[in-house]
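Visitor: The primary structure of each chain is shown beneath.
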Amino acid sequence: MVKMYLSYLNNIMMDHDRLERLASIAQSSLLPLVKGALYNTIPLTIITFFIGLLLAILTALARISGIKLLHGMARVYVSAIRGTPLLVQLFIIFYGLPNLGVTIDPFPAAVIGFSLNVGAYASEIIRAAILSIPKGQWEAAYSIGMSYGQVLRRVIFPQAARVSIPPLSNTFVSLVKDTSLASLILVTEMFRKAQEIASTNYEFLLVYTEAGLIYWVICFGLSIIQDRIERRLNRYIAR
Amino acid sequence: MMISVQGLYKQFGEVEVLKGIDLKIQKGKVVVIIGPSGSGKTTLLRCLNVLEKPDKGKIRIGEKELDFAKSVAKQEIHAFRRLTGMVFQNYQLFPHMTALENVMEGPVTVKKEAKAQARQKAMDLLKKVGLVQQADQYPFQLSGGQQQRVGIARALAMEPEVMLFDEPTSALDPELVGEVLKVMKDLAAEGMTMVVVTHEMRFAKEVADEIIFMDHGRIVEQGKPEQLFINPQHERTKQFLRLIE
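Sequences listed follow chains F and Y, in order. Numbering-wise (the numbering used here), the first sequence opens with residue 1 and increments by one. Numbering-wise (the numbering used here), the second sequence opens with residue 1 and increments by one.
Be aware that one or more of the hints could be misleading.
[Said to hold, decoys possible] Covered stretches of chain Y, as calculated for chain F (at least 3 residues, CB under 8 Å): (1) 80-87; (2) 90-96; (3) 99-110; (4) 154-160.
Think of the hints as simulated: they come from the structure by calculation, not from any bench. All C-beta atoms in this analysis are idealised placements derived from N, C-alpha and C, irrespective of residue type, glycine included.
Can you make the complete structure from the sequences, with help from the hints?
Guide: Structure below.
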């Protein structure tokens with residue numbers, strides 16, 4: 001096996017024309033791939049993350065509210081989303097809903113699907129972060145006359161943010177990569193572009209690897225941003 | 001009368017923590033509540049600003065009265081809390097704000113005061129508790145005694161009618177207790193009405209106008225310090241005082 005593979009590699013290496021062809025394909029596919037990332041992958045990620053985060057905060061608050069109806073709704077939502085594959089959810093929204101007469105374009109359908117997904121997963125992160133803030137902080141804030149909303153906004157969220165940045169960054173990075181699933185509901189994001197390019201020149205290994213590298217670069221950039229935010233939010237913590 | 005409590009009851013699950021508290025405190029007086037742990041003294045204090053909601057009874061502070069036999073609206077509770085300032089055993093400063101920001105927070109967020117004005121007032125209060133130098137430091141950079149003094153300034157910033165202290169020196173290293181007690185003595189001398197739950201008997205003897213001894217959810221005995229400490233009437237009070245001597 002190993003021998004065969006090596007001789008295959010050798011063949012590729014030795015074939016100068018083929019190398020030139022690969023280089024030219026790599027070069028010519030770079031721009032469409034980056035465009036796919038800039039026009040679809042990245043906007044899809046950012047829009048869904050913020051809608052999802054908002055959903056997550058509302059869901060987390062509903063779960064800790066102690067109001068039975070809200071609590072129950074939040075639990076069902078989180079359970080349903082976490083208990084079904086993301087791809088199935090996307091298919092239900094894009095291919096399923098038209099049976100009810102609801103037709104949604106690819107991009108908005110993807111936004112809805114991914115937002116619901118992020119909302120459910122991140123709500124558990126936010127809930128845990130809120131619950132990690134000592135009860136005494138609520139009491140201190142109440143004791144100076146704050147309302148529930150003021151306590152959340154001024155005292156709890158700023159501290160909960162610090163706790164939730166690492167797990168939320170995980171969610172964000174996963175989301176960047178999960179958007180490749182949108183290719184299956186016809187969003188022309190980066191991976192769909194890669195499929196289109198590869199299907200014309202059959203250089204699957206090259207083009208998909210190139211796409212993979214671009215995902216990696218995006219995620220690497222995100223980890224640098226995460227680092228900065230963490231450092232900023234940790235400035236009031238003793239070490 | 002500054003504070004008037006009538007027939008206050010509070011239960012946690014099966015446990016009755018307050019079994020009918022009646023209490024009157026005059027304006028400008030310093031009242032110290034003592035008693036064994038589990039006697040309900042902290043719960044009583046926390047009921048005064050409704051951090052614990054009593055099951056039954058009335059509390060009047062200044063002109064405002066809450067009757068807990070009826071349902072009380074949230075807004076009423078928020079307004080009621082602004083009559084009191086609370087100092088906590090574990091300080092509970094907001095860790096993400098500097099000392100100055102902690103003190104400004106109430107006036108700016110709750111009272112909607114202009115920032116510049118709130119800052120000026122907060123600096124005056126920090127000066128009063130001796131922490132002007134530390135204004136821009138975060139709580140983790142301060143000693144326990146300094147944090148607790150910021151806590152007092154934060155409560156004072158809301159200009160409460162009454163200050164409530166919940167074992168304000170219990171979490172402090174012994175050498176830091178004095179600086180906090182001094183601030184409290186200064187406040188008392190200025191005529192602030194204060195209700196203090198504490199184990200600092202020297203403070204109680206020196207500063208209190210009245211001592212309340214609680215046990216098992218009731219007020220057992222109440223009187224001037226010289227009377228209660230030197231000549232307690234109830235056996236339970238005598239026992240307790242012997243134990244802490």
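Visitor: Each hint should be assessed against the structure and marked as holding or not.
Guide: Each hint tested on the structure:
| no. | hint | verdict |
| --- | --- | --- |
| 1 | 80-87 | holds (count 5) |
| 2 | 90-96 | holds (count 6) |
| 3 | 99-110 | holds (count 4) |
| 4 | 154-160 | holds (count 4) |
Consistency note: the structure conflicts with none of the earlier hints.
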